[in-house]
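Chemist: One letter stands for each residue in the lines below.
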Amino acid sequence: MAEEIQISPPTAELLSILEERFPGAAQPAECEGVVIAPDRLVEIATFLRDEPGYVYLSCVTGVDYPGPTARFPARFEAVHHLFRFQGGSLTLHVHADRDDPVVPSLVSVWPSANVQEREAWDMMGIRFEAHPDLRRILLWEGFAGHPLRKDWQEPYYEADHKPFPSRYPMGRPVPAEERTLLGRNLQYPPDWSPAGWKLQAEVPVYAPMDERAAEGGRPMHTDQVVINVGPQHLSAHSALGIVACLDGETIQRLEPVLGYLHRSHEKIGERNTWLANMPFTDRLDYMCSMSNNFGYAVAVEKLLGVEVPERAEYIRVIMAELTRVMNHLISIGFFTNDIGVYLTAMLYALEERELIIDLFEMASGSRMMCNYFRFGGVARDLPEGFLPLAKELVYERLPRRVDELERFLMDNEVFRARSIGVGVLPADVAVAYGCTGPLLRASGVPYDIRRAEPYSIYDEFDWDVAVRDGGDIYARFAVRFEEIRQSLRILRQALERLPDGPIQAGKKQPIVKVPAGEVYGRVESPKGELGFYLVSDGGPNPYRYHIRTPSFVNLGVIGELCRGHLVADVAPILASIDIAVGEVDR
Amino acid sequence: MPTQKPRLPELPPELQGTVHIMPWDRLYNWSRKRSLWPLFSGLGCCAIETICAAAARFDQARFGMDVVCPAPRQADLMIVSGTVTKKMAPQVVRLYNQMAEPKYVIAMGACAISGGPFKEGYNVVSGVDKLIPVDVYVPGCPPRPEALYNAFLALHARWDRETIRSLRWYQKDEDEGIPVPALGPDLVDWRLTDKIATLGEK
Amino acid sequence: MYGLGILKSLSVTMGRFVMTYVDDLKWFLKGGFGKRYSPVALPVRQSPKGRGVFTVQYPKERLPLPENYRVFPFQVIDPKTGEARCTACGICARVCPPQCIWIVRATDPETGKPKREPAEFYVDVAICMSCGFCAEFCPFDAIKMDHDYEVAAYKRDGEFLWNLERLAKPLAYHAEIHPTDYMAEQTARGRKAVREKK
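Residue numbers (my numbering), protein chains in the order written: chain P, 264 to 849; chain B, -13 to 188; chain Z, 124 to 321.
No lab work stands behind these hints, which were simulated from the structure alone.
Bear in mind that the values here come from a model prediction, so they are computed numbers and not experimental data.
Honestly, I wouldn't trust all of these hints.
[To be verified] Here are the simulated DSBU-like pairs of lysine-lysine, each with C-alpha atoms no more than 35 Å apart in a straight line:
(1) Lys461/P x Lys413/P
(2) Lys203/Z x Lys172/Z
(3) Lys461/P x Lys(-9)/B
(4) Lys320/Z x Lys19/B
(5) Lys203/Z x Lys238/Z
(6) Lys236/Z x Lys172/Z
(7) Lys292/Z x Lys315/Z
(8) Lys19/B x Lys149/Z
(9) Lys654/P x Lys776/P
(10) Lys654/P x Lys149/Z
(11) Lys203/Z x Lys771/P
(12) Lys(-9)/B x Lys315/Z
(13) Lys238/Z x Lys320/Z
(14) Lys236/Z x Lys292/Z
(15) Lys771/P x Lys238/Z
(16) Lys771/P x Lys153/Z
(17) Lys236/Z x Lys770/P
(18) Lys771/P x Lys320/Z
(19) Lys278/Z x Lys19/B
(20) Lys19/B x Lys(-9)/B
(21) Lys236/Z x Lys(-9)/B
(22) Lys654/P x Lys183/Z
(23) Lys(-9)/B x Lys131/Z
(24) Lys461/P x Lys181/B
(25) Lys183/Z x Lys776/P
(26) Lys320/Z x Lys(-9)/B
(27) Lys(-9)/B x Lys292/Z
(28) Lys183/Z x Lys770/P
(29) Lys292/Z x Lys238/Z
(30) Lys181/B x Lys278/Z
(31) Lys181/B x Lys19/B
(32) Lys89/B x Lys181/B
(33) Lys771/P x Lys565/P
[As the list claims (entries may be wrong)] Facing chain B, according to a computed beta carbon distance under 10 Å, are these residues of chain Z, among others:
(34) Trp150
(35) Phe151
(36) Gln180
(37) Leu186
(38) Pro221
(39) Arg228
(40) Pro232
For glycine and all other residues, C-beta sits at the position ideal for the given N, C-alpha and C.
Next comes chain P alone, as it looks inside the complex (with noise of 0.2 Å):
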């Protein structure tokens, strides 16, 4: 059954001077954006980043066509994402061969693909062509198989889709455990034993240290130790583990290894409704959720086509707002507890998110989980007592507290000496490797995605983006600082011109299908850019969901920025990233 499939051009203008400089190379894709032939493809990206200037590659990914289907014969696709400061955007599709997928790697061209293509890599089996070091990231080496290939099953396989029908009508509890053979959620491969195996996974993770180690070329036998800063350790991060190149306490090379949280968001997220993705959003950046809905909430709204009310798009944006606030005060807080200042900051920013998720656990249900965007609204209106509360802590509390927390920390003279002039990102290592949000700002570029490509009704406030030069650490927390102030001029707005309506378009549907296509929705999250590529074969659950997190992106600068430092300086430089290690890891 054919769905009818729209077709959004290219910029006409920019496939014609691809076709005049390029001949034959380039191609519209069926739904969005340009398909590149592979042996063109770093030519036309060093052309695409040098002369029309889209220095910013945003997202890549996978998508697995096990086909053939009346829409797509069988192949794998490598999809880009570029972006143009001054405004524009393009898609790029590279078709691989579905039993043997090799697609150049665009690491030269933009060092932001790094990890994605790492990460591409691990998924789906697609090997990118000279890439310096194609290993695998969320997974370890020597795991079976290349998990979000849509013929590979987990242990746990129940059905491809949700609702599973073993639920209802004749839905007698079975455990999940009792469907294995094993008992656990564990499969082997068939001629897989483990007597007489060894354990290999760590050695892929180690050896690139020592061979920088020995590469150290010194006459004189100096001694250059890796060491671990393992998954568990006290600076306020959950599992995210680091591997350390030292020479004596000065990092040579610094490498972070991820996935010990990585929970398959992605996979699931096939598996799961439209609608079901929601709450599984929430978990994602788990400090923020109210703004992981708003990305999702945003992405399936474009393929939907639905349009928002405004008293909803007004509490989309109080809430987002609020979220920031509340996001940037941790953040602060944590970096507090990372240098040293054992708790003391710490609690003075909990305490000013407590109340926030006061308000939260008021309207949506939940402190943390809020799961309180639906497509077309939100799900429920404002108690009463919510204006009330939230007008006190945005007009009185806040900005006081937060002028009281900037005169603690940002004229302390151990603050300082700990944190100008050190992990210094440039701008255009800024933005060759990807980095948004505070991170980029705080280099001198002002890019803000609620400023450059508009979502909801942030045009209609009036604000300011919050850039800063230096790229330090002093400047990050001076950008967070006053995006905090920003957040609150927007929310002073916003509480005060709150209009009164409906907060859905439409009824609410618990199963919804989205019309065929593809999308790539991002929003201006805390910590970056929230990016969701999605496609949708026409049925009530997603093909492929693919997150673009700001965390895992900017992760990718943190061996840039922590080389020559001192250990001592690794939590500090981490904590001025500002990642939440269920976003990096999905």
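Position chains B and Z against the provided structure of chain P, taking the given hints into account.
Modeler: Quick look at chains B and Z alone, frame taken from chain P:
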């Protein structure tokens, strides 16, 4: 302001014990209840609620738990808060082995009890009790800080029936610890090797 | 002068420290000795207007939960029939994101046709993510979200798969914890009854 007592779960018969509790047991248990040091090991979203439970509003220092130990040797309690993934499983077992007796584990949140909403994930261990023994389970996603305190109180209630003689530390045989699982084509739990070998025959 | 910034930070900390005692004294003079959270004091001290110590000492003191708060689902028992309102339509089982609701629909023993009630109904709270979709999309107001979070257990087997008996709570309890929702439901049911009479 309501000041009702917390509702604690009923102790199952195997934990009630039949030994006679002596006065020194009472003193030992009384002092342990007032200084239970947790390990700093947050894995996922529940870790944020653990941090909130330690923060100003639900002050953990009232329970003597303000010393959050970075090193497992000093800790008494491991609050497994967050999804335990297969990649993290060897580290969780290592941390448990390194903790000194007496040691206790609270499985906080749906993911630690059974894998939670991510149970069908290919990288998720469906419950931390597949790896290490658990003393108290707290469901919720995430459980409120008050629910976590309820779990602490349930743990305290358990100790009222414990004697010094029954503690693992004072037993004669050596404790080898739990074998640390390895990362192969999938997580390899060395206690299951016989079962895996028979699978190959099938 | 070097160190002025440090003095500024210390002044912030000292200010907050002194404020805790001043605030306590203020409420002591207003409310009396013993209860830090008298019914007058609690809404102010735990609101944006609060100034001093922010702690709520569970289990002696409890924060009041807002109406919308959701922990785990419960089945509403209609006082008129004494049975659950649930008609085993299966919408909650279909819409649950982690699929933790299991329903066996009852059948009439004589005709073999399905009856509009559940023979068995289970919620696996070890998997439940408290999203509230079951309560949100139930067309019969039969399943609602509870406020009770004191559900810790010592064992995993048999403790977390809640059947209909464990989930059942009376309508009066629903009216107590969700007053606004209950009023809205009663109004809607009243209107529907009037329409049906016509």
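Chemist: For each hint, tell me whether it holds in the structure or not.
Modeler: Hints, one by one, checked against the model:
1. Between Lys461/P and Lys413/P the CA atoms are separated by roughly 30 Å; this keeps the pair inside 35 Å, and the hint holds.
2. Taking the CA atoms of Lys203/Z and Lys172/Z, the gap is near 45 Å; set against the 35 Å cutoff, the hint is violated.
3. For the hint pairing Lys461/P with Lys(-9)/B, the CA-to-CA distance comes to about 54 Å; that exceeds 35 Å, so the pair is violated.
4. A hinted pair counts as satisfied when its Cα atoms are at most 35 Å apart, and Lys320/Z with Lys19/B does not qualify at roughly 63 Å.
5. Taking the CA atoms of Lys203/Z and Lys238/Z, the gap is about 19 Å. The hint holds against a cut of 35 Å.
6. With a C-alpha separation of about 61 Å, the suggested pairing of Lys236/Z with Lys172/Z is violated against the 35 Å cut-off.
7. Between Lys292/Z and Lys315/Z the CA atoms are separated by roughly 25 Å; this keeps the pair inside 35 Å, and the hint holds.
8. This hinted pair checks out: Lys19/B and Lys149/Z have alpha carbons roughly 33 Å apart, not beyond 35 Å.
9. Annotation: proposed proximity of Lys654/P to Lys776/P is violated, straight-line Cα distance about 39 Å (limit 35 Å).
10. For the proposed pair Lys654/P and Lys149/Z, the alpha carbon gap of about 25 Å is at most 35 Å, so the pair holds.
11. Of the supplied pair hints, the one linking Lys203/Z and Lys771/P holds, its CA atoms being roughly 30 Å apart against a limit of 35 Å.
12. A hinted pair counts as satisfied when its Cα atoms are at most 35 Å apart, and Lys(-9)/B with Lys315/Z does not qualify at roughly 42 Å.
13. A distance of roughly 25 Å separates the Cα atoms of Lys238/Z and Lys320/Z; the hinted pair therefore holds under the 35 Å criterion.
14. Under the criterion of a C-alpha separation no larger than 35 Å, the hint pairing Lys236/Z with Lys292/Z is consistent with the structure, at around 28 Å.
15. Straight-line distance between C-alpha atoms of Lys771/P and Lys238/Z comes to about 27 Å, which keeps the hinted pair within the 35 Å bound.
16. Of the supplied pair hints, the one linking Lys771/P and Lys153/Z is violated, its CA atoms being roughly 49 Å apart against a limit of 35 Å.
17. The suggested pairing of Lys236/Z with Lys770/P holds, with an alpha-carbon distance near 32 Å, which does not exceed 35 Å.
18. At roughly 28 Å between alpha-carbon atoms, Lys771/P and Lys320/Z fall within 35 Å of each other, so this suggested pair holds.
19. Under the criterion of a C-alpha separation no larger than 35 Å, the hint pairing Lys278/Z with Lys19/B is consistent with the structure, at around 21 Å.
20. Proximity of Lys19/B to Lys(-9)/B is assessed by CA-CA distance (about 18 Å); at most 35 Å being required, the pair is judged to hold.
21. Annotation: proposed proximity of Lys236/Z to Lys(-9)/B is violated, straight-line Cα distance about 48 Å (limit 35 Å).
22. Restraint check: the Cα-Cα separation between Lys654/P and Lys183/Z comes to about 31 Å, which is no more than 35 Å; the hinted pair holds.
23. The suggested pairing of Lys(-9)/B with Lys131/Z is violated, with an alpha-carbon distance near 44 Å, which exceeds 35 Å.
24. About 18 Å separates the Cα atoms of Lys461/P and Lys181/B, which keeps this hinted pair within 35 Å; it holds.
25. Simply put, Lys183/Z and Lys776/P have alpha-carbon atoms about 49 Å apart, too far for the 35 Å limit, and the pair is violated.
26. Under the criterion of a C-alpha separation no larger than 35 Å, the hint pairing Lys320/Z with Lys(-9)/B is inconsistent with the structure, at around 48 Å.
27. For a cut-off of 35 Å, the pair hint linking Lys(-9)/B to Lys292/Z stands: about 21 Å separates their Cα positions.
28. A threshold of 35 Å between alpha carbons decides the hint, and for Lys183/Z with Lys770/P the separation of about 44 Å lies outside it, so the pair is violated.
29. For the hint pairing Lys292/Z with Lys238/Z, the CA-to-CA distance comes to about 22 Å; that is within 35 Å, so the pair holds.
30. Our distance criterion of 35 Å between C-alpha atoms is met by Lys181/B and Lys278/Z, whose separation comes to about 25 Å.
31. At most 35 Å may separate the alpha-carbon atoms for a hinted pair to count; Lys181/B and Lys19/B exceed this at roughly 41 Å.
32. For the hint pairing Lys89/B with Lys181/B, the CA-to-CA distance comes to about 30 Å; that is within 35 Å, so the pair holds.
33. Restraint check: the Cα-Cα separation between Lys771/P and Lys565/P comes to about 17 Å, which is no more than 35 Å; the hinted pair holds.
34. Here the hint on Trp150/Z is broken, as its CB sits about 13 Å from the closest CB of chain B, past 10 Å.
35. The interface hint given for Phe151/Z is broken, as the beta carbon of that residue sits about 16 Å from the closest beta carbon of chain B, more than 10 Å.
36. Evaluation of the Gln180/Z hint against chain B yields a held restraint, the C-beta minimum of about 6 Å falling below 10 Å.
37. Of the supplied interface hints, the one on Leu186/Z holds, with its beta-carbon coming within about 7 Å of a beta-carbon of chain B, less than 10 Å.
38. With a least beta-carbon distance of about 4 Å to chain B, the hint placing Pro221/Z at the interface is held under the 10 Å criterion.
39. The beta carbon of Arg228/Z is not positioned within 10 Å of any beta carbon in chain B (closest approach about 25 Å), and the interface hint is therefore violated.
40. For Pro232/Z, the interface hint is violated, since its Cβ never comes within 10 Å of a Cβ in chain B; the closest pair sits about 35 Å apart.
Hints 2, 3, 4, 6, 9, 12, 16, 21, 23, 25, 26, 28, 31, 34, 35, 39 and 40, counting from the list given before, are not met by this structure.
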